[in-house]
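> Each chain, written out:
Protein chains: 2
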Amino acid sequence: MRFRVHVSLKPSVLDPQGQTICSSLRSHGHGSIAAVRQGKFFDIDVDPAGGADPKAEVEQIAREVLTNPVIEEFRLEQL
Amino acid sequence: MRFRVHVSLKPSVLDPQGQTICSSLRSHGHGSIAAVRQGKFFDIDVDPAGGADPKAEVEQIAREVLTNPVIEEFRLEQL
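Note that the protein sequences, when read in sequence, are chains F and R. Take the first sequence: its letter number 57 is residue 56 in numbering that gives the first Met the number 0, and every next letter is one higher. Take the second sequence: its letter number 49 is residue 48 in numbering that gives the first Met the number 0, and every next letter is one higher.
Just to be clear, a hint being listed does not mean it is correct.
If chains are identical, the list can't say which one is meant, so a pair holds when it fits in one copy or spans any two.
[To be verified] Cross-link-like lysine to aspartate or glutamate pairs, in silico, DMTMM-like; alpha carbons within 20 Å at most:
no.	residue 1	residue 2
1	9	44
2	9	56
3	9	58
Source of the hints: derived by calculation from the structure; they are not laboratory data.
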C-alpha cells in the first residue's frame with residue numbers, strides 16, 4: 000500500500016527558493032510565469048500485514064515526523 | 000493557471016535519504032513501513048494572458064530546467 004505525503008510551506012510563509020526560481024525563469028524568456036513555490040513529497044510503502052490502520056499510521060508520521068507544524072502543512076494521498 | 004511538477008528520482012536510482020528516513024521510522028516503532036522515497040515538487044502559476052500554451056511552457060520548463068534527465072523524471076499535473 001503506497002501513500003504520497005506532500006509537504007509544503009504554509010501560504011503565509013515566504014519561499015525564497017521558489018522566488019529565485021521564478022525570477023530566474025522570467026529572466027530566461029518565460030515572462031508568463033507569475034509565481035513558483037517549492038515543496039517536497041515522500042512516497043511511503045506500508046506493509047498492510049503490519050497491523051494498525053496504514054493510512055492512520057502514515058498520517059501520524061506525516062504530522063509528527065515529516066512536517067514542521069510552525070511553517071509547513073501536509074496533504075496525504077493514497078497512490 | 001496553476002501546475003504542479005513532481006520531480007522524483009528514477010526507480011533505478013538509489014535514494015539514500017529515503018532509505019535513512021525509512022530505517023529511522025522502523026527503529027522508532029513504525030515496523031510496517033517497507034520503503035520511503037523522497038521527491039520534490041514545484042507549484043507554478045502561469046499568467047494565461049502570456050501568449051503561448053501554458054501547459055506546453057511548463058512542460059518545457061520541467062524538462063529543461065527542473066529535472067536532471069540522467070537521474071530524475073517528472074510528472075506534470077494541472078491544479
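> With identical chains, the pair residue 9 and residue 44 could be close in the same copy or across copies; at 20 Å between alpha carbons, which is it: within, between, both, or neither?
Cα proximity of residue 9 and residue 44: across copies only (16 Å, versus 26 Å in one copy).
> Could you place residue 9 and residue 56 in one of the four classes (within, between, both, neither) given a Cα distance threshold of 20 Å?
neither (23 Å within a copy, 26 Å between copies)
> With identical chains, the pair residue 9 and residue 58 could be close in the same copy or across copies; at 20 Å between alpha carbons, which is it: within, between, both, or neither?
within (18 Å within a copy, 25 Å between copies)
Comparing the model with each earlier hint shows a violation of hint 2 alone; every other hint is respected.
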